[in-house]
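Residue numbers (the working numbering), protein chains in the order written: chain C, 96 to 770; chain D, -2 to 551.
Calculated directly from the structure, the hints in this document are not laboratory data. Remember, predicted model here, so these are calculated numbers, not experimental data. For glycine and all other residues, C-beta sits at the position ideal for the given N, C-alpha and C. Check before you lean on any hint, since a few could be wrong.
[As the list claims (entries may be wrong)] Listed next, the in silico DSS-like pairs over lysine-lysine satisfying Cα-Cα at most 27 Å (straight line):
1) D/280 - C/502
2) C/202 - D/291
3) C/97 - C/547
[As the list claims (entries may be wrong)] Calculated from the model, a selection of chain C residues having no Cβ within reach of chain D, i.e. all distances over 12 Å:
4) 238
5) 278
6) 293
7) 294
8) 516
9) 606
10) 635
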Amino acid sequence: MKLTCLATPGSGGGYHAPASHLLELEGLRLLLDCPVDLSALAAFAPVPLDAGSGDAGELICAVPYYRSPAVAAAAKAGGVDAVLVSSTTGMLGLPFLTRLPSFANTKVYVTEVASRIGKLMMEELVEMHSQFVSFYGPDMDGIPKWMEGEKHSKLMSMLQKIGIEDERNDLSPLMPLYSAANIEECMQKIQPIKYGQEVCFNGMLMLKASSSGLELGNCAWSLEGPRASITYLPNTVFVSAHALDCDYNSLKENDVILFSDFSSLNVMDEDDENLGENAMLCDDSVSRDDGVGEDENVQILCKNDDIAEEIERISFICSSIIDAIKSGGSVLVPIERLGVILLILELISETLHSFDVKVPIFIISGAAEKMIAFTNAVPEWLCKPRQEKLFSGEALFGHVELLKEGKLFMFPHLYSKGMLAAWKEPCIVFCPDMSLRHGTVVHLLRRWHADKRNLLILEQGVDAELALKAFMPVSIQILECSFLSGIKAGKVNPLLTVLKPKLVLFPEEMKLRCPLKEGAPWPCLYYSKGKTIEVPNTRDEFEVRLAANVALGLQPRQLDGTVAVARLRAKLHLSNGQYMLVAPKDQTDDQTKRLLLHWGAVDAGRVLLALLEKGMSCAFSGDDVGLVGSERSILVTSPGDALVKITSERTVIYCDDEGTSKQIYDALGSVCNGI
Amino acid sequence: MAIECLVLGAGQEVGKSCVVVTIGGKRIMFDCGMHMGHHDCQRYPDFARILSATPGATDFTSAISCVVITHFHLDHIGALPYFTEVCGYNGPVYMTYPTKALAPLMLEDYRKVMVDHRGEEEQYSYEDIQRCMKKVIPVDLKQTIQVDRDLVIRAYYAGHVLGAAMIYAKVGDAAMVYTGDYNMTPDRHLGAAQIDRLKLDLLITESTYAKTVRDSKHAREREFLKAVHKCVSGGGKVLIPAFALGRAQELCILLDDYWERMNLKIPIYFSAGLTIQANMYYKMLIGWTSQKIKDSYTVHNPFDFKHVCHFERSFINDPGPCVLFATPGMISGGFSLEVFKRWAPSEKNLVTLPGYCVAGTIGHKLMSGKPTKIDLDKDTHVDVRCQIHQLSFSPHTDSKGIMDLTEFLSPSHVILVHGEKPQMAFLKDRIESELGMPCYYPANNETVSIPTTHYLKINATEKFITSCTAAQARDGLEKANLLCGNHLSGVDGDVKADEGILLMEKSMAPKILCEDELLQLLGTERHSVQFESLLSSRVEEVQTTIVDDVVSEF
Ligand SMILES: [Zn+2]
């Protein structure tokens, strides 16, 4: 088994662009996640370009290009057999891949919900991109001019800065975006699955997705091959306020864990004090090591501290929103996390109500209406408290009530029909566009940026200075927030203790941040981006199931007190990743004709005795000199003529009569080790 | 090994579905239904038989590994609160998300009918239903659920009603499917049953329509709409006795759509808030409806009916035409009976009945012959002068569907439940003669034992696996055949057997290896045995000399 890490996440701790890997096992090549890196977008000037405002001078005024290290590497490898996707953001790069001819037969596995939401996100991306195209006109002839100039190298060095790593300057190339037709083509290759559904790939691998807790439809993967079971563990949240919690029970006792949650590396630019606290948490679990029972580790995982913090952060956002509104300002929320938007909507409606503030809330996005409606019809994919809402007949999310009460409005564009009639300032606008580069956000920022009563909420990790460059000078208040993106460092060791792996593949970068438990029963291999590591098989042998009726027909031969052998004739099948030996269809095969296996020295004297015992007339031949170690010959005269030559490694039976030669063969078998 | 199958209900009858299956020491109860036609102890399965069939078990929790409910119809779930809250079963209960959401409505509706209208002593309380449902673990389709270390279950789409599932269960190598009720053709709001090709020792299937083959659905729908339209345009009232869930939504989609097309203004009523509330559940569970509905649903939810409104009790005697959905179905009591008593005497009115009514209900009486008078009890009679329309579409598969599913799954054995004895006998003969599978249809409280195939877990060396794979590839076997998807492959191929040596060592798992691997392991050399013709022994020396000469020339 071989693992190559293709990409490690940049900003957002892996939420917006998760890590991606290439895994080779049992002759199959699998791509794990296929994200796209949208950070390049910040280097392009926003559209519509407005010369009057801000400093667009340093920004590239052209249709943006995008990069995806996963796509570049998979294409370089010449194709993959399958892609396993663990999140909606992990599928945004797929249409780049599936439009290549070498991926015509690639199968893509994604959860039903992730594929539905992912498709809406891809379409939204294409829609937003089309604003650039309609502004600049399509790139007609090949590579655009800016890509050959200074701006390109500047962009590449900027990307290098964003993507922390990449000392070796091997950034994957920039590509033009895919089209709506590419998305359709990509969706054709997707096999949507449920949590806990076992699918068999290529007869050999059983694949299973389990909820990972970060977002609706996100999953960890179990890959069960004939010689090893592997967990692909992306960003994981144990207690969620909207998505189904991480189902770590279904990952227990897999042999290998590919640990791919980099979120603790990105702990939201926390200061050193906080870092120390995290390291301590980690140490804490190390020191408590063997005394900790599984239950205690499970308790550590299930503690809802992470989600309590997340709710606290979101409450803080809500109170900032209320402050801005009360001062007469409007609020722009260009955050792209579905879960966060759903939670803010719920909390803000409570907060608005309790302060008796009445302002309209807008979601302006081409995908919003479908996505929001969809979230109220997927109870199976939600956390247990929300599932309880189904069972008591309540709506799954607060937005259903907001819509019914006419407090929440959804429009695809600012210029959509009905928008003007509903519009009233101050207001709260959600508009998923982190990079602040597309129509709606650009328009609203230009309208609101100069008033300090207004509020802009950005996700930390976005380069705010670069993002706002085109809107300078800005007086609008800016709130930078961070959100829960995965496992906290302190929960890594308890998780591994519960999962009981035989081997852990861990990111090199996280060695320091989260030292693994010393003296842990699981060995560890460290991987780093761009390098291939060889992963040893945990089992050398294959597991096979032998049909009981075949086993009953065996004729074992005892070799010594503890060892017996038997010749086995059966048909080998591969079914659902399981090798099976069943009785062959054609059982009339004449076994007596078969040359069986013999071993060890054969004593010619004992052969002679055995022949005589069978009533044959025979003797050592005249030429036979009887020297030890050389050839001995036995001449048979009755029931037929035959000559048997015996050396230390070989016996040759010269005989034209089938009956006689069979008798000689049987006699030989009776004095010789064989099977 | 064997699968023991104890039929506690729906054996040679329809009602109180309940089958207890024992596989490899695990005991699963499929469905826990009640019989609508009985009002005595026969209404529930005879649970005591489980304990007497389980030596050593002192209570139901220790006797049964899990209960799985296929769908929310009372003849499949009606006895569950009784079993968990009165009999004290405390182990896991599984059902799909929609069943868990909708079953309490059905149970409470029926409990009310029993207690409030019939004045019977209640078998379980409202709180019992709530407590019972709290214990239920909801499952999604196709999800593999590990009940315990050895027992695995999985639900497949069954059509029939929202959330109906067929259940696959596996312990070790023994596997089976229990279908519950299913429909092999899609209807207005549900898709057709869907299942993987599985390797099964046993299939337990419903057989409501063991002998019936149905024709086009559209014709039957048109017939229904025509009858309803004719009645209301003549100023009559249409009574549609139905349970709150399932048929009600199906017919409502049909009527709402027809009203829209024909621009009709006559009111369609639901008798209780229940069905309106139920539609709210249907909206959240739209993922469980048919693909067509799912696709069409982006903004408008098809369960937002335009022409349907709430019915007040005082409307019963109002003049003028209307259509009324009233619970319970089959006119087994409650409000539908109350309305029936008022409306049945007028020849202008219409009562539509489902394709199947349980014996003992008024619906059943109306369907058998054409009675002009129905005796409710000693003193109460109802004159029946209204039209009776029997709906000939049903959410159950017909006999062709049963045969198709059975052939598709190709189990080693088949057991029929949920049907009527003569029809079941007919179907059994067909399954045995046409499909060549042993088939049984035990009566209630009978047990059938099914033998199963068994496999031993052994190891194989990489070399053995590669040599087999290589040999099979060499024999012209397509790679796709050996490395096929979800089913045992190559079984039918005329391929030579693979050969290896099974090594059995004390306290180690048996292992298959190749001949030379064995020799290596034993630290010994092969002693080859050859056959030659007698003649060649004489020429051999000459040949050797020639070869020697050739060699020496270089
Ligand atoms: Zn049913």
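To see whether the hints hold, each was checked on the structure:
| no. | hint | verdict |
| --- | --- | --- |
| 1 | D/280 - C/502 | holds, 21 Å |
| 2 | C/202 - D/291 | holds, 24 Å |
| 3 | C/97 - C/547 | violated, 55 Å |
| 4 | 238 | holds, 39 Å |
| 5 | 278 | holds, 17 Å |
| 6 | 293 | violated, 5 Å |
| 7 | 294 | violated, 9 Å |
| 8 | 516 | holds, 18 Å |
| 9 | 606 | holds, 33 Å |
| 10 | 635 | violated, 7 Å |
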